[in-house]
Amino acid sequence: MRKVLFSVGLYLSLGLAPAAAQPGSPVQLEGYVKREQVVIDPSGERRSEWVDPATVVPGDRLVMGTRYINDGTGVIENLVVSNPVPPPVRVAEVADPAQIVSVDGGRSFGAFADQTMRGADGTARPASPADITHFRWTIPAVAPGGSGAVEFLVIVR
Amino acid sequence: MNRRSTLAALAAGTAMVALQTAPAVAEGTTAGTTITNTATVDYRVGGVDQTEIVASDSFDVDRKVNFLVTRVSAPTTTVVPGQTNAVIAFDVTNLSNAAIDLALAAAQVSGDDFNVNNVAIYLDDGNGTFEGTETAITYLDEIAEDATVRVLVVADVALTHNNGEIADLVLSATAREGATPGAAGSVIASSSGANSAAVETVLADGAGADDGASDGVFGASGSYTVSAATLEVTKTSRVISDTVNAATNPKAIPGATIEYCVLVDNAPGSATATNVTITDPLPGDLTFDSTFGIRINGTGDGAGNCNQDGTAGGSFSAGTVSGTLSDIAAGEARTLYFRATIN
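Top to bottom, those sequences are chains E and Z.
Read in order, the letters of the first sequence correspond to residues 1 to 157 in this note's numbering.
Read in order, the letters of the second sequence correspond to residues 1 to 343 in this note's numbering.
It is worth saying that the hints were derived from the structure and are not from the lab.
Glycine included, each C-beta is placed from N, C-alpha and C at the ideal position.
Check before you lean on any hint, since a few could be wrong.
Unchecked claim - The calculated label-pair distances, taken between Cβ atoms and stated as ranges, are:
1. 129/Z <-> 92/E: 43 to 49 Å
2. 92/E <-> 105/Z: 36 to 42 Å
3. 268/Z <-> 121/E: 55 to 61 Å
4. 182/Z <-> 111/E: 42 to 48 Å
5. 182/Z <-> 41/E: 18 to 24 Å
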């Protein structure tokens, strides 16, 4: 999973306007969902394509993401994106062990690799991706015209 | 799928949790459930915290139609010729994320040894056996998500079938719309074409006994195997003695004593024969030897004659010898023998 995609100027250079005007805010946001579609290319290799979902049913793998664009004139500092995981989905995988997550409903956050869960018998175990309840990303600075996206990979329950 | 992207500025503290929908505890998220992903962004400009902003994306979960038919009974149901109401039990499970109807059909497979008669499908009343009080059905109405329903396929076997013959059949379920309780809905098909605002349908059933994957049909096979006794009856006679030669090379002359041997043989692999009754009218030229009587349940000597190991039994009445043998298991033989004199 790509934790953060910095593609400064990409959307503007493609002529894509931000999703909607955000009155009074230099940051424009757009949420999106893509569904994994496994295709077998002519050489017989399987690879995933991420498509706009025509249908979404239990078991489908989805990417949930948020794009941000700084269309103001000043530098955006300390951009913090907080994203609860919707209950009908579970996180499929976490590529970066240092990804900041919460496994306790947002009460505490920390690196995914450091998270533990306590079982019914009191024993602790490392958290699995499905235990994640919230994601958080911090982008130190976004220059004027800069943009990026944060996203995570889930499976529909 | 109905998809909506929204972008809104929210004052800090607005309860975003309210945008989340509760998960379904079923096999999958219930069709029509809206999944909303909401990201909240805090940031600074020039070192000053700015108003929190929120982006969200919502879509509705579509309907995934999947179901299973599994045979509960043993791989084959053993029947005897002439048996009625022979049962094969199946479980039908709705794995879809929505309630559906399932039309049921029991089809006889061609290429097997025989077809059973009067095939019918009944809704099990909870005990897995058929008592005749169950309701005959052609479809299952409004099967909830993850619900399993047991059905009984019931059939009759004609008297003419032989040991080892097999009748195969397949119980198939076809997905129907569950919109109208009390009636089988229309056949469910996968939604085709472009995305629409409505909840769409994806057929996700597996390949069953004689159907393909994702075709809205799933079947499981069952069979009836005939277990019959395969009886062979041999009747032989030999002269025991005559009035001239006594027991030495006796001839069948008037006054001679004849022993009749009736040998009943059940072939290996057959069902045990029970209640085997032999009746043998004695020809008028013979007089029943009541001193010797009738011996039953002896063994054969392999050459069609009776060993002298039977026990007294049977009866002689109105010129007819009769006797009932004990159960004859597969590969066993039992005898009835008696003596008579030539008039």
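Hints the structure fails to honour: 4 and 5
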